[in-house]
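So you can see what is in the structure, the chains are spelled out below.
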Amino acid sequence: MSDNTNHHIVPYRTYGLILLLLLVLTGTSVAVTQIELTRWATVVALLLASTKSAFVLAIFMHLKFDQNIYKIMATLIILLVAVVIVLTFLDYGFR
Amino acid sequence: MSETIAHHNEHRDDEASKLGMWLFIFTELLLFGGLFVTYAVYRHGHPQAFHLAAEQLDVVVGTINTVILLISSMTIAMSTTAIQKKDKRTTLLLIAITLVLALVFLVNKYFEWSAKIGHGIWPGSPLLEELGRGDTLFFGLYFFMTGLHAFHIIVGMVLLTVVFVRVQKEKLTFDNFQLLENGGLYWHLVDLIWIFLFPLFYLIT
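One line per chain: the protein sequences are A and B, in this order. For the first sequence, my numbering assigns the number 30 to the initial residue and increments by one for each residue that follows. For the second sequence, my numbering assigns the number 6 to the initial residue and increments by one for each residue that follows.
Source of the hints: derived by calculation from the structure; they are not laboratory data. Some hints here could point you the wrong way.
In silico DMTMM-like pairs for lysine to aspartate or glutamate, Cα to Cα no more than 20 angstroms straight-line [claimed, not checked]:
1) A/Lys100 with B/Glu20
2) A/Lys100 with B/Glu33
3) B/Lys174 with B/Glu60
4) B/Lys90 with B/Asp180
5) B/Lys93 with B/Glu33
6) A/Lys93 with B/Asp19
7) B/Lys23 with B/Glu33
8) B/Lys90 with A/Asp95
9) B/Lys114 with B/Glu60
10) B/Lys174 with B/Glu15
11) B/Lys23 with B/Asp140
12) B/Lys23 with A/Asp120
13) B/Lys114 with B/Asp63
14) A/Lys93 with B/Glu20
15) B/Lys176 with B/Glu33
16) A/Lys100 with B/Glu15
Here the structure is a predicted model, which means the values were calculated and not measured.
Could you build all of it, start to finish, from the sequences and the hints given here?
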């Protein structure tokens, strides 16, 4: 990493592979939800969506190659959203 | 070139520019995060109605739009590689492909919404009032969330068009492309939101 431009040139191939992976994960989530597994289908679909977004954030959005401050901030925001969701369901789930 | 000298004297802070973009992205994540919580709570309250309503959405159209957005995310990511390799032609081509894919996404959305409206389903429609609260909530959220997402697509297209013109005019180059990267970040955000909208509305029934 150089002085003020810390840009890392990501090869085209990396992006192509990530797209392939994202398409496979999309196909899997469509397949899993079409064969009715009721409650588990929801969990699996959301886990696959989270995995897909992790790849988009890390590679497409360059978080993997950027300074740590971006990773820390992104993690904190995701945790904040998670806390809000958990608190909401602690409320609604036990009414 | 006199222009090169001008560039050196220009006040520019790429890192701050990127940080600003990320801060904006965080506010967007919180906006949509709030909407996802709203969706989850109403789904929890009206499981049967949400189940039946979600089955009316077209999984095929939803999947096609997901694939389109994922590919467009890759092309715009690749454009930052192309510009750093000083390959202007490929950079422009990749931005153009992204814009075309965005347009295809919107056309699909238009047909999808038209079909729903053709079946008498739109916010506040008499049919929804008959169907009851659960359906009203589901389709209210469906139109609002996919509509807000489509609005982000339009904003992204405007931003990427500006980037395209600036790359064309060589205002953005291999050592000064933060606007392209920020445009890309915004576009990936649009993709990220869709990654969650798609299973929640189309897949989980």
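Evaluated hints:
1. Distance restraint check for A/Lys100 and B/Glu20: the Cα-Cα separation of roughly 14 angstroms lies within the 20 angstroms cut-off, and the hinted pair is therefore satisfied.
2. For the suggested pair A/Lys100 and B/Glu33, the alpha carbons sit about 17 angstroms apart, so the restraint of at most 20 angstroms is met.
3. In summary, the hint linking B/Lys174 to B/Glu60 is not supported, as the alpha carbons are separated by about 48 angstroms, beyond the 20 angstroms threshold.
4. In summary, the hint linking B/Lys90 to B/Asp180 is supported, as the alpha carbons are separated by about 10 angstroms, within the 20 angstroms threshold.
5. In summary, the hint linking B/Lys93 to B/Glu33 is not supported, as the alpha carbons are separated by about 31 angstroms, beyond the 20 angstroms threshold.
6. With a CA separation close to 18 angstroms, the supplied pair A/Lys93 and B/Asp19 stays within the 20 angstroms bound.
7. At roughly 15 angstroms between alpha-carbon atoms, B/Lys23 and B/Glu33 fall within 20 angstroms of each other, so this suggested pair holds.
8. A hinted pair counts as satisfied when its Cα atoms are at most 20 angstroms apart, and B/Lys90 with A/Asp95 qualifies at roughly 19 angstroms.
9. Taken as a hint, the B/Lys114 and B/Glu60 pair is honoured in the structure, with Cα atoms around 17 angstroms apart against an allowance of 20 angstroms.
10. Among the hinted pairs, B/Lys174 with B/Glu15 is consistent with the structure: their alpha-carbon atoms are about 18 angstroms apart, no more than 20 angstroms.
11. Between B/Lys23 and B/Asp140 the CA atoms are separated by roughly 41 angstroms; this puts the pair beyond 20 angstroms, and the hint is violated.
12. Only pairs whose Cα atoms come within 20 angstroms are accepted, and B/Lys23 paired with A/Asp120 is rejected, the gap being roughly 37 angstroms.
13. A C-alpha spacing of about 11 angstroms is found between B/Lys114 and B/Asp63, which places the hinted pair at or below 20 angstroms, so the restraint holds.
14. For the hint pairing A/Lys93 with B/Glu20, the CA-to-CA distance comes to about 16 angstroms; that is within 20 angstroms, so the pair holds.
15. Between B/Lys176 and B/Glu33, the direct Cα distance comes to roughly 28 angstroms. Violation of the 20 angstroms bound is thereby established for this hinted pair.
16. Between the alpha carbons of A/Lys100 and B/Glu15 the distance comes to roughly 29 angstroms, so the proposed pair goes past 20 angstroms and is violated.
Figure legend: structure checked against the earlier numbered hints; hints not met, in rising order: 3, 5, 11, 12, 15, 16.
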